[in-house]
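J.: Spelled out, the chains give:
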Amino acid sequence: MSSASDPMIGIVDLRKTFTKGKETITIFDGLNLAIPKADFVAVMGPSGSGKTTLLNLLGGIDCCDAGTIEIAGIRIDRLSEGQLAHWRASHVGFVFQFYNLMQMLTAAQNVELPLLLTRLGGKARRERVEAALAVVGLSDRLKHYPKEMSGGQQQRVAIARAIVSDPELLLCDEPTGDLDRRTADEILSILQLLNRDFGKTIVMVTHDPAAAQYARRALHLDKGHFIEKELAA
Amino acid sequence: MNDLLMIRKNLFRRRLRAILMIVSILIAFAIYGVLASFERAFNAGQERATPDRLVVLNKINLSQPLPISYYSRVGAVDGVAQLSPISWLGGYYREPKNFISAFAVYPEDWMKLRDSDFVFSQDARTAFARERTGALVGARMMEKWGWKVGDRIPISSSIYAQKSGARAWDFTIVGSFTPRIPQADTNIMLVGYDYFNETRSFGKDLINWLMLRTTSAAVNERVGNTIDGMFANSPYETTTDSEKAFQKSFAAQLGNVALIVELVVGAAFVTILMIVGNTMVMSVRERTREIGVLKTLGFPGGRILRMVLGESILLALIGGLPGLGVAMLLITQVRGSLMNFVPTLTLYPDIAVGAIGLMILLGFITGLLPALGAMRLRIVTALGRN
Numbered sequence: 002m003s004s005a006s007d008p009m010i011g012i013v014d015l016r017k018t019f020t021k022g023k024e025t026i027t028i029f030d031g032l033n034l035a036i037p038k039a040d041f042v043a044v045m046g047p048s049g050s051g052k053t054t055l056l057n058l059l060g061g062i063d064c065c066d067a068g069t070i071e072i073a074g075i076r077i078d079r080l081s082e083g084q085l086a087h088w089r090a091s092h093v094g095f096v097f098q099f100y101n102l103m104q105m106l107t108a109a110q111n112v113e114l115p116l117l118l119t120r121l122g123g124k125a126r127r128e129r130v131e132a133a134l135a136v137v138g139l140s141d142r143l144k145h146y147p148k149e150m151s152g153g154q155q156q157r158v159a160i161a162r163a164i165v166s167d168p169e170l171l172l173c174d175e176p177t178g179d180l181d182r183r184t185a186d187e188i189l190s191i192l193q194l195l196n197r198d199f200g201k202t203i204v205m206v207t208h209d210p211a212a213a214q215y216a217r218r219a220l221h222l223d224k225g226h227f228i229e230k231e232l233a234a
Numbered sequence: 041m042n043d044l045l046m047i048r049k050n051l052f053r054r055r056l057r058a059i060l061m062i063v064s065i066l067i068a069f070a071i072y073g074v075l076a077s078f079e080r081a082f083n084a085g086q087e088r089a090t091p092d093r094l095v096v097l098n099k100i101n102l103s104q105p106l107p108i109s110y111y112s113r114v115g116a117v118d119g120v121a122q123l124s125p126i127s128w129l130g131g132y133y134r135e136p137k138n139f140i141s142a143f144a145v146y147p148e149d150w151m152k153l154r155d156s157d158f159v160f161s162q163d164a165r166t167a168f169a170r171e172r173t174g175a176l177v178g179a180r181m182m183e184k185w186g187w188k189v190g191d192r193i194p195i196s197s198s199i200y201a202q203k204s205g206a207r208a209w210d211f212t213i214v215g216s217f218t219p220r221i222p223q224a225d226t227n228i229m230l231v232g233y234d235y236f237n238e239t240r241s242f243g244k245d246l247i248n249w250l251m252l253r254t255t256s257a258a259v260n261e262r263v264g265n266t267i268d269g270m271f272a273n274s275p276y277e278t279t280t281d282s283e284k285a286f287q288k289s290f291a292a293q294l295g296n297v298a299l300i301v302e303l304v305v306g307a308a309f310v311t312i313l314m315i316v317g318n319t320m321v322m323s324v325r326e327r328t329r330e331i332g333v334l335k336t337l338g339f340p341g342g343r344i345l346r347m348v349l350g351e352s353i354l355l356a357l358i359g360g361l362p363g364l365g366v367a368m369l370l371i372t373q374v375r376g377s378l379m380n381f382v383p384t385l386t387l388y389p390d391i392a393v394g395a396i397g398l399m400i401l402l403g404f405i406t407g408l409l410p411a412l413g414a415m416r417l418r419i420v421t422a423l424g425r426n
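One line per chain: the protein sequences are A and B, in this order.
Quick note, the first sequence lines up with residues 2 to 234 if you use the working numbering.
Quick note, the second sequence lines up with residues 41 to 426 if you use the working numbering.
Worth flagging that the hints you see were computed from the coordinates, not collected in a lab.
Idealized CB from N, CA, C, for every residue including glycine.
Heads up, a few of these hints could be off.
Listed below are the simulated BS3-like cross-link pairs for lysine-lysine, each with C-alpha atoms no more than 30 Å apart in a straight line [to be verified]:
hint, chain 1, residue 1, chain 2, residue 2
1, A, 148, B, 49
2, B, 184, B, 152
3, B, 288, B, 99
4, B, 49, A, 144
5, B, 188, B, 203
6, A, 124, B, 49
7, A, 124, A, 148
8, B, 203, B, 244
9, A, 21, A, 224
Partial list, derived from the structure: chain B residues whose beta carbon lies under 10 Å from chain A [said to hold, decoys possible]:
hint, residue
10, 50
11, 56
12, 235
13, 333
14, 334
This is chain A alone, in the form it adopts within the complex (with noise of 0.2 Å):
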């Protein structure tokens, strides 16, 4: 059984580069980086210190030089790219800085879509996108598209998404950076909510310090590497 202390990401040794022209960028040489099952972490940092990269390759959606990269026991760096499009659908929830919804499709077809990929039957997947939407707040928008909701409402939808297929990691980049201040923390809420309750590992990337105070704890990224800062109370 595994317990709130179990590691469910651990980078070591994560080596990454990006080539500009005849340039070659370093942003990662030597990172490490453990995070708890069940932890809720904000990652801050200035522009261009590596963080929404970071998000990337803990979500598979890139891939390191060097290093490995271990999630929940299972290490992505080996994977190939078809085996990464897998794991992404069953293990990892992704929420956008511009929620990135499916403007032709309602709420609840754009929740709908990651259980796409699974073997559940229509029944069993209307349940589980209205369970999403409930835990969200918007069982009353199922049948709204995009563009008739606000821009927390589409958030929320996109939290939905995140959430369906109950991944156990969740990445957010920048969730509350396109929200005023009361939604934003509506949404950071929500995401306390899904750490608290429903046990998920949380890594948040953010700008915000009023944001960052809703996670256990908060990483700065200067330089390619990380200096754990103590939140206030």
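Dock chain B against the given chain A, drawing on the hints supplied.
T.: Chain B only, in chain A's frame:
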């Protein structure tokens, strides 16, 4: 929800653009359906031609006659099993606009020659062979004019007149016949050559061509060479061809329909291919971010490829199937007035099936490049995250 719903929603996300593309595909397939049906109808004679039938013509061209004496000389050639003289009446019923496809033949010979194409009742066989002024009329012609067996009908000729000066011959319908094979046209009339030949004012003892059946298709070449050699350097030199070649040259008098079809359809399809292909590329490019999101959620590249290809194929089918419907409607509308010229004009099932195959091919070709692009798209590039 399923992939098909997503494909449909993606297709119609820009409604006006989708409708314009559908209309252009619809027009292309309507043109294809009509022209391919015309081409088939023009060439129906070639399709029903049997390999062991030959046609002996004047070497100059189809309009030049041959003497009837050739009938017995050709009949004596080794390898000729059956033959009949055929003369073209240039007939019409009451008014010149009521064109009648009528031929003067040796009744028994002609019916034996065409047994593989038509069904003749025993009564019709006997009566047509016996009655000098009798006419044997195909079922479609009977239906078109509302004739029945026993009717006496005046048939005039735009070429010949009677010795008496009258332009019309009164024939009695002694029987009818039906097609044995779908391509066999029954919008024709046959009358006895002897009666027609004796009563016409000029062209006596001349025919337009001889149709014959050989003992086997293997002897066709030898028989043809023997016949043409027999009449070489005579006032009426001959050329002997297979029935298929004869039908082809007959149809060619109306122009090279096959070439017209190929050029028009080819031009239409290349244009559509470029328009739809370009639009699909634009459409997928507009969705780069969404494709990135789908991949992030775990949709594999192969599935995304199938979805984009499915979209372009669905587009081709949504445009093409109604296009075939329009073609069918147009053909039904003009069939009646063109019955004398292209009697077998219809949208044949194999043309429709071929068109559906073309739609799928069109969809596949236009969707392939954007689909491959979508499949290979890197998530970080699509989401602008690098």
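J.: Going back to the hint list, which numbers does this structure go against?
T.: 11, 12
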